Amino acid sequence: MIKSIGMKLYVLLTILFLYTPIVVLMVMGFNESRYNSLPFRFSTRWYEELSQNATLLSAAENSFYLAIVTGIICVILATLFTLGAESLSKRAEGLCRSVMMMPMSIPWLIMGLSMLLMIRFIDMDKNLFFVAAGHVVISLPYAMLVLQARIHSIDPALEEMSLSLGADAWTTFRKITLPAIAPAMVAGGFLSFMISFDNFPISYFLMPSGISTLPIEIQSSIKFGFTPEINAISTIIIGISLACLAIVGLIMGRSFKSVLGGGK
Amino acid sequence: MKNNKKVMTLPGMAVLFLFAILPLFIMLAYSFQSDNGTGLTLENYSRFFTKTFYLTLTFRTIVNSFLVTVISLVIAYPLAYIMAKHLKGLKNIVMVLLIIPFFTNQLVRVYSWLIFLQDGGVFDRMMNALGLIDGTMGLLYTRTAVIIGLIHAFFPYMVITIYMALERLDNTLLEASSCLGASKLTTFTRVVLPMSMPGVVTGIMIVFVPCLGTFVEPRILGGVNGTVIGTVIEDQFFEIYGWNFGAAIAFLLLAMVLISMAVINRLGRRYDS
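Protein chains in written order, with the numbering used here: chain A, 5 to 268; chain B, 152 to 424.
Isolated chain B (complex conformation) (with noise of 0.2 angstroms):
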């Protein structure tokens, strides 16, 4: 009876093992071949690594989703802490409103934003209406339409996760504090922050590390000013045919996102307990 049991935990492995796995040994195979197909070689990594272009490219990269992660806990912490500690009914009804978007096509969002964002387009007669500028914002195709792309496609994550820390924050600890003379600042700094952490880490996990292997948005909203690692590998393998160099930047890419998954479960930790 038990070794039937684990006998279906078979299939869902194989699947894996054979689609996620085995591929990615493969792409690391291919990243360590050069395009004339003469044995191994470390040239497209040594490509990567000795030309600026690719190192601005990857520090642009982080910067990117480094400014979407704190602007999201910016816009995420107070509207977690409204929900968790203010709305009463309400908050049942915000939640749904920020789980719908997950539910809409990724390309349908980012369109929305191109159409939003274009010159002579609503924002612009918004700006305009409202006596703030003259003509025209041109904000589409920047790198300021990118980051707001992927802030509107991620905050709702971190309000969730935050919100969820906070939910289980005991309301009695916070009375106690107030009770034993802490100012309200002292209370929210040595209290309630602390008890949020596990929750905002696991929300700049879940934002942080999807933004470095973002493509659509960047190409989309930012244009040629968009460019990030992941338009670039997009190009090595639908424009520029550089498979195997493609493959190199991938695994770079694949590498970042582990070592800052690691980098934040060791901040994490901290907070654990």
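Just chain A, with the same shape it has in the complex (with noise of 0.2 angstroms):
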């Protein structure tokens, strides 16, 4: 009993050392105060001022963009991949996949800055391009992951069935294969936006000046004197990503717990 008890506390303990400073951060966002100190003092201005501040939220307006390019292209060339790689011999299969997943394994600020080597290697300017390049680079691993699951329990079989049945290529991919990786390319895509959407070293090493993204946004307001503001933004984000974690969750259902216990 005493036990069990034990094991609950330390379970509770562990979530209480993940949660607070988050749930310190949203509650310091409903607070008078301009430098988040104590006591507190129910407010709702850094919302209003919020809703007044064009410079962030047209961050937060090219972050999401830029996530949506991010996401549909991966979740393209992802499916690509994973269809074609089948096709390949063994030893084949195994060096294209391990090509495809090495950005998982190098730190994102290497990965930023050689790009921006590139870049300045080839004598361009920095552009939304490059930026668009670089995110769908590191994101699109993830979204292979969770493909790759997904193709792999699809049952050869039916493939097969359909093509012996008469069905042409075509109509196979379309009411066979397309159906079942359906659930895990909305998985993938959701992924790698979400990748796309946090992410800052990349687009710090890339963006041109002139345009940034909510990360970049943030990090500024860090180094140069923070507002409460950005505690109401990443509030709102934290509900927004939340929502969208649990409708996909809602759809994909199994599909989706693959992912969270597949990847990395």
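Just so you know, the hints here were simulated from the structure itself, not pulled from any lab data.
Take the hints with a grain of salt, since some may be wrong.
Reference listing, derived: stretches of chain A covered by chain B, where coverage requires no fewer than 3 residues with Cβ under 8 angstroms from a Cβ of chain B [as the list claims (entries may be wrong)]:
no.: 1; stretch: 104 to 117
no.: 2; stretch: 202 to 215
no.: 3; stretch: 237 to 245
With beta-carbon atoms standing in for the labels, derived distance ranges [said to hold, decoys possible]:
no.: 4; chain 1: A; residue 1: S224; chain 2: B; residue 2: V247; range: 29 to 35 angstroms
no.: 5; chain 1: B; residue 1: L206; chain 2: A; residue 2: R178; range: 55 to 61 angstroms
no.: 6; chain 1: A; residue 1: T59; chain 2: B; residue 2: L324; range: 55 to 61 angstroms
no.: 7; chain 1: A; residue 1: T59; chain 2: B; residue 2: A280; range: 33 to 39 angstroms
Dumping the calculated DSS-like pairs for lysine-lysine here, alpha-carbon to alpha-carbon at most 27 angstroms [as the list claims (entries may be wrong)]:
no.: 8; chain 1: A; residue 1: K179; chain 2: B; residue 2: K156
no.: 9; chain 1: B; residue 1: K236; chain 2: A; residue 2: K7
no.: 10; chain 1: A; residue 1: K12; chain 2: B; residue 2: K239
no.: 11; chain 1: A; residue 1: K7; chain 2: B; residue 2: K239
no.: 12; chain 1: A; residue 1: K94; chain 2: B; residue 2: K157
no.: 13; chain 1: A; residue 1: K7; chain 2: B; residue 2: K335
no.: 14; chain 1: B; residue 1: K335; chain 2: B; residue 2: K236
no.: 15; chain 1: B; residue 1: K242; chain 2: A; residue 2: K7
Quick caveat, the model's predicted, so the values are computed rather than measured.
Backbone N, C-alpha and C define an ideal beta-carbon position, used for all residues, glycine too.
Assembly of the complex is requested from the two constituent chains, each provided in isolation within its own frame, with the hints serving as guidance.
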């Protein structure tokens, strides 16, 4: 009995460690003080000021569009790759897969600045194309993990059956393969959307001046004196992320679980 | 038909080649150039290896990663064990609670620690209320703050990998062990621990390796006391404009990453089968 209470207490403590700072951040968004100082006095002032803050809002908008583009490109590339990789020889498949997964093990700092050096090497200015390319490269492995897990679980006999019953390759893809992998495509797209939306290092190195994303704005306001507007927008983002997570979780059910269990 | 399908891997491979592999080679080329642009040189690397500042920094980066990994392991192992073997319906809820913070922005999490730890902030108030200290702990802008922030970011990964290994562990094995007269401790050290080692090794891999390349947490939570290799590279590119030297340090960091991956992999192979 005591042992069981002790264990639950331990679980509770670790969860507290995980959430306390985040909760403090959210609560301080409703605090009157500019410097997040105590005692706490309730106010919605920072939410009002946020609604007037064009820089922060347009940065959030940029992050959103960038993440949408990244998510879509990642799903397309990952789906094509995983479907195609099956017909490669075992050896080539393993090699190609490890190349595709490589950005997962290289620090984003290095990915970002090596691309920056490449842009300088070919004597071009920083532009949004390279930002998107950078985001795609680092988000792709996550989309791949999800799709791979799903495609491996499809029974190949189904496709063979469809082909032998006279359906052409395209019909087979449309009627058998696509419906089977669609949930994984949504989950993979969502995951790469989130990676891109939250990414700071790549954008930091590659964003042309004058345009910014939300993480960049948060970083610069931490550097140059923050205001609780950051708390307000962080709270909103956390809320939206959780809502998306819940919706995708509900729609995807099992295949989403395989993402969370199978990813690194 | 088969050849058709192979072509489908090309777009992905092309993107990876153009925007990941090629840039790394260009970075390598930059690291062998001197700032005044005359031919190949090793001066960037010799500068790194002859100044004690950079060597101390490398050492400090590795120690930081090591501490984060060890403390994460100490926190995560009991949690994963309790989840796998003692929590029944609750374990899925705990799992979801562990995963949710992955979907919050990295900078938001760091910023939340900044607010939590600042002088006269919530943490100081809590400690005062408990009567543990008087005044401020002065934790913000110390190495301790950096390590706390990194543990917060990484320990859930460790819990998940260890949990997955323990979950696969068959309960009948534990029963068999105790039936045959093994004490609880023996069962743990001879059965549970060895069987969970693959999860532990994967956990070490995905905590230690990314920690080496962090620069956001050290910068924001550590201030001047947080300097690590990552922040020095950042400075070379954004403050000092020593791009060639920056490229060389980045390459050395990449080498550290690859070497530690190889070492941890080797460690893991012992527990395969």
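Structure-based check of each hint:
1. Only residues whose C-beta sits within less than 8 angstroms of a C-beta in chain B count toward coverage, and the stretch 104 to 117 of chain A has 11 of them, enough to reach three; the restraint holds.
2. Residue count for the stretch 202 to 215 of chain A with a Cβ under 8 angstroms from a Cβ of chain B: 4. That meets the three needed, and the coverage hint holds.
3. For a cut-off of 8 angstroms, the count of residues in the stretch 237 to 245 of chain A with a CB near a CB of chain B stands at 4, and the three-residue condition holds.
4. Between S224 of chain A and V247 of chain B the beta carbon distance is about 33 angstroms. The supplied range of 29 to 35 angstroms therefore holds.
5. Between L206 of chain B and R178 of chain A, the C-beta spacing of about 60 angstroms keeps the proposed range 55 to 61 angstroms intact.
6. Restraint check, T59 of chain A to L324 of chain B: a C-beta distance of roughly 59 angstroms satisfies the suggested window 55 to 61 angstroms.
7. Here the CB-CB span from T59 of chain A to A280 of chain B is close to 38 angstroms, well matched to the stated 33 to 39 angstroms.
8. Our distance criterion of 27 angstroms between C-alpha atoms is met by K179 of chain A and K156 of chain B, whose separation comes to about 18 angstroms.
9. For the hint pairing K236 of chain B with K7 of chain A, the CA-to-CA distance comes to about 13 angstroms; that is within 27 angstroms, so the pair holds.
10. With a C-alpha separation of about 12 angstroms, the suggested pair K12 of chain A and K239 of chain B falls inside the 27 angstroms cut-off, and the hint holds.
11. Restraint check: the Cα-Cα separation between K7 of chain A and K239 of chain B comes to about 15 angstroms, which is no more than 27 angstroms; the hinted pair holds.
12. For the suggested pair K94 of chain A and K157 of chain B, the alpha carbons sit about 13 angstroms apart, so the restraint of at most 27 angstroms is met.
13. A threshold of 27 angstroms between alpha carbons decides the hint, and for K7 of chain A with K335 of chain B the separation of about 14 angstroms falls inside it, so the pair holds.
14. The suggested pairing of K335 of chain B with K236 of chain B holds, with an alpha-carbon distance near 14 angstroms, which does not exceed 27 angstroms.
15. Our distance criterion of 27 angstroms between C-alpha atoms is met by K242 of chain B and K7 of chain A, whose separation comes to about 17 angstroms.
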